[in-house]
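Undergrad: Residue numbers (the working numbering): 40 to 188.
Since the hints were derived computationally from the structure, they do not count as laboratory data.
Where is the CB? At the ideal position from N, CA and C, for every residue including glycine.
It is possible that part of the hints are untrue.
To be verified - Have a look at the derived ranges for each label pair, beta carbon to beta carbon:
id, residue 1, residue 2, range
1, 177, 119, 19 to 27 Å
2, 152, 119, 27 to 35 Å
3, 87, 127, 14 to 22 Å
4, 164, 85, 36 to 44 Å
5, 165, 84, 33 to 41 Å
6, 130, 174, 29 to 37 Å
7, 121, 166, 33 to 41 Å
8, 165, 85, 33 to 41 Å
9, 111, 134, 16 to 24 Å
10, 165, 134, 25 to 33 Å
11, 165, 86, 32 to 40 Å
12, 155, 178, 17 to 25 Å
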Amino acid sequence: MTSTSEPRRFERSRGRRVGDAVISVFVRAHLVPRTYLLTTRGRRSGRPRTNPATLVEHDGRRWLVAPYGVVAWVHNVRADPRVVLRRAFDRHVCTVREASALEAGPVLQKYVRGSRPTRPYFVASLDAPVEEFVAEADRHPVFELVSWA
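Produce the complete structure using the sequences and hints provided.
TA: Structure follows, in structure tokens:
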């Protein structure tokens with residue numbers, strides 16, 4: 040069953056930055072499940088850029104989902120697929136690859152079922168078939184973690 044309304048559009052705002060900062064504190068303290076601090080290298084500046092990101096485990100593999108669409112960290116990862124994921128005292132240097140729409144569909148479906156705050160950014164509803172999530176893959180990039188060290 041597809042939602043009839045348009046999905047919410049992501050807008051970077053002061054409130055969003057404050058929210059990310061608050062969530063980052065909770066992630067560092069290991070209080071938010073499945074969420075890590077994702078550090079990418081800025082595609083233009085070369086400086087490290089850090090954002091909270093939720094890790095999805097599906098079919099024995101790890102995935103990063105961009106629920107708000109093609110945002111800055113997505114551009115950075117496309118320019119340089121090496122990332123660092125941190126949470127509490129854990130630190131993982133990883134390489135990612137962008138998933139095809141067919142691969143992304145089931146991952147997006149699982150992500151939406153487990154992430155209530157980002158549901159308004161998706162057209163497909165909670166109980167939609169995987170095909171509806173495949174259709175949304177171009178708006179919500181998914182990246183597989185191909186190395187985990």
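Undergrad: Has the hinted range 19 to 27 Å been met by the Cβ atoms of residue 177 and residue 119?
TA: About 22 Å separates the Cβ atoms of residue 177 and residue 119, which means 19 to 27 Å holds.
Undergrad: Could you say whether the range 14 to 22 Å given as a hint is met by the Cβ separation of residue 87 and residue 127?
TA: holds, 19 Å
Undergrad: Check the following: the C-beta atoms of residue 165 and residue 134 are separated by a distance inside 25 to 33 Å.
TA: Roughly 32 Å apart at Cβ, these two residues keep to the hinted range, so it holds.
Undergrad: Is it true that the C-beta distance of residue 155 to residue 178 lies inside 17 to 25 Å, as the hint says?
TA: holds, 19 Å
Undergrad: Given a hinted range of 16 to 24 Å, is it respected by the beta-carbon distance of residue 111 and residue 134?
TA: 19 Å Cβ-Cβ, so the 16 to 24 Å window holds.
Undergrad: For the pair residue 165 and residue 84, does the Cβ-Cβ distance stay inside 33 to 41 Å?
TA: Because 38 Å falls inside the window, the suggested range holds.
Undergrad: Given the range 32 to 40 Å, decide if the beta-carbon distance of residue 165 to residue 86 lies inside it.
TA: Given about 38 Å between the Cβ atoms, the range holds.
Undergrad: Take the C-beta atom of residue 152 and the C-beta atom of residue 119, compute their distance, and say whether it sits inside 27 to 35 Å.
TA: holds, 31 Å
Undergrad: Within 33 to 41 Å: is that where the Cβ-Cβ distance between residue 121 and residue 166 falls?
TA: holds, 37 Å
Undergrad: Do the Cβ positions of residue 164 and residue 85 conform to the proposed distance bound of 36 to 44 Å?
TA: holds, 41 Å
Undergrad: CB of residue 165 to CB of residue 85, is that within 33 to 41 Å?
TA: Since the Cβ atoms of residue 165 and residue 85 sit about 40 Å apart, the hinted range of 33 to 41 Å holds.
Undergrad: Against the range 29 to 37 Å, how does the distance between the Cβ atoms of residue 130 and residue 174 compare: consistent or not?
TA: For residue 174 against residue 130, whose Cβ atoms are near 36 Å apart, the range 29 to 37 Å holds.
In summary, the structure agrees with every hint in the numbered list given earlier.
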